[in-house]
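Just so you know, we're using our numbering here: the sequence shown kicks off at 187 and counts up by one.
Everything labelled a hint here was simulated from the structure, so no lab data went into it.
Treat the hints with caution; some may be incorrect.
Claimed, not checked - Subject to a maximum C-alpha distance of 20 Å in a straight line, what follows is the list of computed EDC-like cross-link-like pairs (lysine to aspartate or glutamate):
{"id": "1", "residue 1": "Lys257", "residue 2": "Glu314"}
{"id": "2", "residue 1": "Lys192", "residue 2": "Glu208"}
{"id": "3", "residue 1": "Lys327", "residue 2": "Asp312"}
{"id": "4", "residue 1": "Lys209", "residue 2": "Glu191"}
{"id": "5", "residue 1": "Lys209", "residue 2": "Asp199"}
{"id": "6", "residue 1": "Lys327", "residue 2": "Glu314"}
{"id": "7", "residue 1": "Lys257", "residue 2": "Asp312"}
{"id": "8", "residue 1": "Lys257", "residue 2": "Glu322"}
{"id": "9", "residue 1": "Lys192", "residue 2": "Asp211"}
{"id": "10", "residue 1": "Lys192", "residue 2": "Glu203"}
{"id": "11", "residue 1": "Lys192", "residue 2": "Glu213"}
{"id": "12", "residue 1": "Lys374", "residue 2": "Glu314"}
{"id": "13", "residue 1": "Lys374", "residue 2": "Asp312"}
{"id": "14", "residue 1": "Lys328", "residue 2": "Asp312"}
{"id": "15", "residue 1": "Lys209", "residue 2": "Asp195"}
{"id": "16", "residue 1": "Lys257", "residue 2": "Glu321"}
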Amino acid sequence: NEMIEKCADVVTDWLAECGVIEKADRELYSYAVQSFLMSLSPLMMAVGFGIVMGCARQSVMIVIPFAIIRKFSGGYHTKHLWTCLIGSCLLLFMCIVVSFHVRCGWIFAFITVWAAVSLMIFSPIDNENRVLSPEEHRIYKKITAILVVSFLLVDVLFVWLHLTKYAVCISIGIILSAGLQLPCIIRKFIMK
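Work the whole structure out from these sequences, hints included.
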């Protein structure tokens, strides 16, 4: 978190010195830059792992559906940035490794469809730091459904074009999004 804050402060200071932003608005822009950097972090991690493992395209194909769907679907969040980063790195690494070993087939297709349906039913899941209003909840649910169906169509297109390794990656991104909702869903039903 400190590293991202420092980077955001450097960028914000530079923008203020160049006269692009007012110094009085520095804090607001610093927060915006931090948010931007945090939203880019999964993609940067995916590219980094992908380059090291020799599979940059597959890594990006996993993280894109995951990051986009997760933005609107919500799910489990850790309480501290470091546990989030370490957990995210481990999950991403595991997903990349799994993408090498999973083959397209009926069982994998069933799991993907199950994950997609689960996302459409249970999304969005509120974050403790930001609870959605009823209107936001309705909008996020609709956006999640549109995104999930869109990625499923891309998945089917990749299978049809015999680009199954990319179809597997898209599916893993969908499954990961749904999987990170499970702890919240289970906790919700236990607390009832």
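Status of the hints after comparison with the structure:
As the CA atoms of Lys257 and Glu314 are separated by approximately 15 Å, the hinted pair is consistent with the 20 Å bound. Pair hint Lys192 plus Glu208 holds up; C-alpha atoms about 19 Å apart against a cutoff of 20 Å. Under the criterion of a C-alpha separation no larger than 20 Å, the hint pairing Lys327 with Asp312 is consistent with the structure, at around 11 Å. Taking the CA atoms of Lys209 and Glu191, the gap is about 17 Å. The hint holds against a cut of 20 Å.
Of the supplied pair hints, the one linking Lys209 and Asp199 holds, its CA atoms being roughly 8 Å apart against a limit of 20 Å. Taking the CA atoms of Lys327 and Glu314, the gap is near 18 Å; set against the 20 Å cutoff, the hint holds. With a C-alpha separation of about 11 Å, the suggested pair Lys257 and Asp312 falls inside the 20 Å cut-off, and the hint holds. For the proposed pair Lys257 and Glu322, the alpha carbon gap of about 13 Å is at most 20 Å, so the pair holds.
About 17 Å separates the Cα atoms of Lys192 and Asp211, which keeps this hinted pair within 20 Å; it holds. Note on Lys192 and Glu203: the hinted pairing holds, with a Cα-Cα distance of about 16 Å set against a maximum of 20 Å. The hinted pair formed by Lys192 and Glu213 meets the criterion: a straight-line CA distance of about 13 Å does not exceed 20 Å. Between Lys374 and Glu314 the CA atoms are separated by roughly 13 Å; this keeps the pair inside 20 Å, and the hint holds.
Simply put, Lys374 and Asp312 have alpha-carbon atoms about 11 Å apart, close enough for the 20 Å limit, and the pair holds. For the hint linking Lys328 to Asp312, the alpha-carbon distance of about 15 Å falls within 20 Å, and the restraint holds. Proposed proximity of Lys209 and Asp195 is supported: the alpha carbons are some 12 Å apart, at most 20 Å. This hinted pair checks out: Lys257 and Glu321 have alpha carbons roughly 16 Å apart, not beyond 20 Å.
When the structure is compared with the earlier hints, no violation turns up for any of them.
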